[in-house]
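Asks: The hints should help you fit chains V, S and X onto chain F, whose structure is shown.
Chains as they are written, first to last, in my numbering: chain F, 198 to 693; chain V, 25 to 144; chain S, 120 to 450; chain X, 473 to 959.
These are computed hints drawn from the structure, not numbers from a lab.
Some hints could be false.
To be verified - Distance windows between CB atoms, simulated: (1) F:D354 <-> S:V415: 52 to 60 Å; (2) S:F337 <-> F:T249: 40 to 48 Å; (3) V:D135 <-> S:F337: 47 to 55 Å; (4) F:L655 <-> X:W926: 44 to 52 Å; (5) S:T131 <-> V:S87: 35 to 43 Å; (6) F:A644 <-> X:D834: 29 to 37 Å; (7) S:R200 <-> F:S559: 31 to 39 Å; (8) V:T81 <-> F:E305: 48 to 56 Å; (9) S:T148 <-> V:D135: 20 to 28 Å; (10) S:V415 <-> V:P91: 15 to 23 Å; (11) F:E305 <-> X:N502: 49 to 57 Å; (12) F:I251 <-> S:R200: 55 to 63 Å; (13) F:Y201 <-> X:G529: 52 to 60 Å.
Even for Gly, the Cβ is constructed at its ideal location relative to N, Cα and C.
Chain by chain, the residues:
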Amino acid sequence: MTLYDQLPALLIAVPLFTAPIAYLLRAHGLPWAAATAAVVMTFIISCSIAATVIGGETIVYEMGGWPAPYGIVLHIDALSALLAMLVTGSSAAALIFGAKSLADEVGEEIAPSFFAAWILCTAGLTGMVVTGDAFNIFVFMEISSLSTYILVSAGPDRRALVATYRYIVMGTIGATFYLIGVGFLYMSTGTLNTMDLAARLGDVTELRPVLVAAGFITVGLALKAAIFPLHSWMPNAYTFAPNVVTVFIAAASAKVSLYVMMRIDYAIFYKNIPNHELQLALLLAPMAILALFAGSMLAIYERNLKRLLAYSSVAQVGYIALGIAMSSVAGLTGAIVHMFNHGVIKGGMFMAVACLALRYRSVNIANLAGAGRAMPWTMAAFVIGGLGLIGVPLTPGFISKWYLVLGALEQGGFGAFLVMVILASSLLAVIYVWKVIEVAYFKEPRANAAPIEGEAPLVMLIPTWIVVLTGIWLGINSYVPVTLATLGAETLLGAR
Amino acid sequence: MQLLGLYNYFVFATLLMVGLYCVLARTNIIKSLIGLSIFQSAVFLLYISMDKVDGGTAPIIPSDAPPDIIYANPLPQVLILTAIVVGISTTALGLAVAVRIREAYGTIEEDKIQEMDREQ
Amino acid sequence: MITIIFSLFLLTMLVLVAVAILRTDNLFTAVMLSGIFSLIMAANFFVLDAADVALTEAVIGAGISTVLFLGALALTAEKDRSPPVGSVVPLISAVALGSVIIYAVMQAPRLGDPKAVVHNHVAPWYLEKTPELIDVPNVVTAVLASFRGYDTLGEVFVVFIACMGVMALLGRVRPRKDSIKLTEYEERSRNLRHHLIPRIVGKMLVPFIVLFGLYVQFHGDFGPGGGFQAGALVAAGVILYSLLEGDWRGRELVPEWFSSLLVAAGAFLYASVGVACMVMGGRFLDYSALDSHDPVHGQHLGILLVELGVGMTVTGVMITIFHAFARRGVR
Amino acid sequence: MFTESQTILLSLLIPFIGAFGIALAGRWPNVRETVTLTTAVLLAANVWSLLPVVYAGGRPELHFVDMLPGLSIAFRVEPLGMLFAALASGLWIVNSVYSIGYMRGNDEKHQTRFYVCFAIALMAAMGIAFSGNMLTLFIFYEVLTVSTYPLVAHKGDEATVRSARVYMGILLGTSIGLLLPAMIWTYSLAGTLDFTPGGILDGKIAEPLVGLLLLMYAYGVGKAALMPVQRWLPAAMVAPTPVSALLHAVAVVKAGVFTITKVFVYIFGIDFLFSQPSHRLVIWIACFTIVVSSFIALRQTNLKRLLAYSTIGQLSYVVLAASILKPLSEVGASMHMMAHAFGKITLFFAAGAIYVASKKTDITEMRGIGRRMPWTMAAFSVGALSMIGMPPTGGFISKWYILGGAIQDDNYLALATLVASTLLNAAYFLPFIFAAFLYEENVKPKKDHGEAPWPMVVALTTTALLTFCFFLFHQPIADLEAQILLK
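Chain F on its own, in the form it takes in the complex (with noise of 0.2 Å):
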């Protein structure tokens, strides 16, 4: 066995490695660094694993040797190497942005428990992400989870304490959820393997089990991924968190789930359930459409900026759902494109929002007058992530908007009312962006404010930069992202 036969697993070995080392470094500034090299190290090994499946090819690596469906394997196709990329990647930039923040925020004497648990988030996320065992989601799916709430737990207010109550219900619900979904498709089958739960599930004849776990198993993710109405445990957890920790579970933890989604009800469900798509799209898609208009209302009338993008948040799920809910390739693409770019865009954001409060102390729009000049940098990402958010031309969200839109006109009559809810939406997103630069550029501060040092520092403006160039360069040129959604909604709905 060569390295670059191990990487797959070395994609969750290297954190699971470093997490007890950081867990025990109790010098300043040792565990974010040893978090960080790991991180980093993931991102590497997860550009290189999304190198090899973009020629279209599939890698199974056998945990423990052990061959399907006895053993656990990983199966990294085209989809799966696209979100680890995100995951991974946003979990590195997150960290290197934060070196700074997080020093501010959180204290001396949780930090090595933080950086541990922040390094186990990011391995969860990959798990669930790579991993080709129905089970094994939930095992990771629970280290991610559980790392998240303590990354939420650490938020200066008290109220990060209460929402991260609420989180640890709902998110326990959630996964509960999806075990009784995968205790009743192991009733049926005998198999926890994906693969092989796809291959068995076309000879079972009672199906009502079946049925039941799609819906169980849909409704525990939706409720993990925050699709609207079961988005309550969002806006606080993301508003109360540390920014960082903010950018980090905003870019990647509600998409992973997501994800999840989409394999499960797509690469088993969707061949072997009559209909399935018919009823994925009854569930699906009054819960986006209303996801689409009530997050984006709920964001023009919240004051708190955090909370604001955590409604657009909202918004941008419902997106995602709408496009799964098409299943169609353009449709599937549309989704599975705007979760890297909503990961991008939100990510970027979330930045700047992480460095206006650095200087502002408060995350209160009116309170930012007079931003747009006083922190020209950290404002201008924040507006060219906002014209990503609106979907324009340029910035990733047109792309992701574009396919989603050709999804939606591929509906048919109701893909007509479709596309004009996908582009109310955006034009309601146009309005609270501009809510937020309006107060920037075009309110003078109160006289009587306390003035601003300047600009962030630049160990936190660079990294910002970084993503939201990336941002723009994704709006530019597609080509990965696209080539490897593509690929991977083809793969889901087995046109390949």
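Replies: Chains V, S and X alone, transformed into the frame defined by chain F:
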């Protein structure tokens, strides 16, 4: 007899209902967490009920075992060992948060906490 | 037949206890009842031929979980003051949930049906191949530590995270020794020290519990048991000691740095075994690679080591969490 | 010196780099203004160097990058775009001179932001002009919208910001809500969005969907200000006058009608569109807009708002001409873009000059102002004559072509509209001009003033002269534009 053979699953459903109701309807955090652990335990019952085989025994095969012994299915047991540990981990974390909430707010009743947050 | 009747009795008891938990507004009662709930659950698992799970549920569900709840109660409140009638949403969701499940299980195979599909695909392979490939009598251990060792690795990290989380949340505030005199601090943390009989009897039990834990750890290949159960048992011994002698003494016995080290070292040990397999030319967690001549021996070695890692982590985690709660109380 | 594709790239890069230069030089106004002027001159020289090539039948291309599979950011210069780019870049020089006078004369704040955004807006205009497919055009169309927002909201007070919101809301709303889906629809039908002589939709779509798509395009291009999506244009008048002059009389609004013409000619194809009855819809809308806007203009007393409504009407001339779909009228559409540009920029320059000198904005207060500011008002009169379409101004020429097209088509509705609007235009411009020259001053200005600062006067005289010149030397342009009908 058919229904009797499904009794385990009915109990599983009932426990799930009780657990979920307890989580969602109770505003007391500790009580909700107890409900959450009932909710999770119910799932253990689902899996373990699947492992039973008529006339079987625990899947421990001594080296001199006669070949015709029927064993229970080991896989659900393994899965549930895992799930139990997940359950206690979640509970422990939830309780720790509850303790901190009590220290920060002076109460563990969610409705009161919500009121206090709204005043802020 | 008697097993079926016994099983029906246990299941009915489970429902009754669960409803009782729901109805009581005394949290102390609720916690005690949930301990009983777990014990009944464990008994039920035993009836269903799941000895390993029964042991685990008894130790973790009935033992450690109850202790943690009690610790948390001491720090929060004893009364559930939820309004008696809340919104109808929970009721609707619960009923919907229940009816969907009942709809589904009407097509489930009956309990113990040997023709059920679960018994005819992957499971027989495990039962058939374990003696040959891994050669340990306890198939659960074989599946847990080797066939699905990757899951178990994840599991170890879940408890590891829980421990970190509790420490991050509750470990921050040190007891203010400067503000209370040490004797007073000892006084307040003495727990059961003044109850002579429980103390003497309990103290006699502690070594046996720990010994039993060690037995379960190293006998896991042959009988029910393994790292999870053993870790929980050893921790239970230490926790009992702390309860009897005072949290302060308990931490003298197992200092915080040691339990933290145990936690990290166990997780690290498991991960390193996996990496070692890769270094030896196998796949991650492929213990056969550990011994180039005899793969079965390699499996033995690997299982021994990872079970040890599991045991260490679980012991450390349970003790650390308990201490975190206990110490919080004597500020 | 440069290859043709490099020249295309340069015409985007020059204003872009210029914007950076202006931002860096922000602290030294003289350096900043020098940078602006240099950029403008370089850009114009660069763009104009392409004129002979295009005139000779060359179609320089630049393929930039594949944005989506089968869809690229690409540029291709053809006569219509060439004309638009040459116009916008040339007038930017004049406008920069004028801006310097206006911004300094008025002591405006945030001047650096103003010049930076202006340069970016020009870059966007160049991108629109040269774009080789609808996607590229759309991108720069949005850049233009976003980059002009700070210019409109320049003053920053509550009322201005509210107007700017209307501006932004309508332009972004129509483009995202209608133009984008129209594009994606076209793409899903034709599999391409390249501007192709003869169109790409022939035979791929049938009535009544053609009508729907056509309307989505016509209203999706909000910058063309067809009623009822015209409200953004009066709202934009809160901007400083140089912005109204170059952007809301030339670059932005022309980008709108330019896009519509391009869609007709290169996406639908005029032959295909002509065979579809629903193209009449656009004619009706344009006629309606012309007449109604003229009536509204008649009732305006604020000079800039009056000009805005006049612009709305004049834009619909272009749309009308384009939608008649006859060779003469298509040429007329492009000619009118140019004629109107010279005339309207002159009018705005004059309005700005009056404001800077006398702080007056209302026409009822401007009696007798021609005596204090003879040059300004003379130029204003030339511009007004061009709007009405009287010789010897450019407006006459373009109207002539449009009328010719209408007659070819036997389109009496268009003929009647043209005649009626000429009368209405005369009705709102001529009384004001008479009053300005012949009546006594009715409102005393705060301070005794003469002409505005000299750069402004130079600028407005230049553009007035250009209006004459267009009347005299229009033939080469007509030849150039006739090439768009070649397949």
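Asks: If a hint holds in the structure, say so; if it does not, say that too.
Replies: Hints versus structure:
1. F:D354 <-> S:V415: 52 to 60 Å: holds, 56 Å
2. S:F337 <-> F:T249: 40 to 48 Å: holds, 43 Å
3. V:D135 <-> S:F337: 47 to 55 Å: holds, 51 Å
4. F:L655 <-> X:W926: 44 to 52 Å: holds, 46 Å
5. S:T131 <-> V:S87: 35 to 43 Å: holds, 40 Å
6. F:A644 <-> X:D834: 29 to 37 Å: holds, 34 Å
7. S:R200 <-> F:S559: 31 to 39 Å: For S559 (chain F) against R200 (chain S), whose Cβ atoms are near 34 Å apart, the range 31 to 39 Å holds.
8. V:T81 <-> F:E305: 48 to 56 Å: For T81 (chain V) and E305 (chain F) the Cβ distance comes to about 55 Å; the hint holds.
9. S:T148 <-> V:D135: 20 to 28 Å: holds, 22 Å
10. S:V415 <-> V:P91: 15 to 23 Å: Taking Cβ atoms as reference, V415 (chain S) and P91 (chain V) lie about 20 Å apart, which means the hint holds.
11. F:E305 <-> X:N502: 49 to 57 Å: Check passed, 53 Å falls within 49 to 57 Å.
12. F:I251 <-> S:R200: 55 to 63 Å: For R200 (chain S) against I251 (chain F), whose Cβ atoms are near 58 Å apart, the range 55 to 63 Å holds.
13. F:Y201 <-> X:G529: 52 to 60 Å: Hint holds: Cβ distance 56 Å, inside 52 to 60 Å.
Taken one by one, the earlier hints all hold for this structure without exception.
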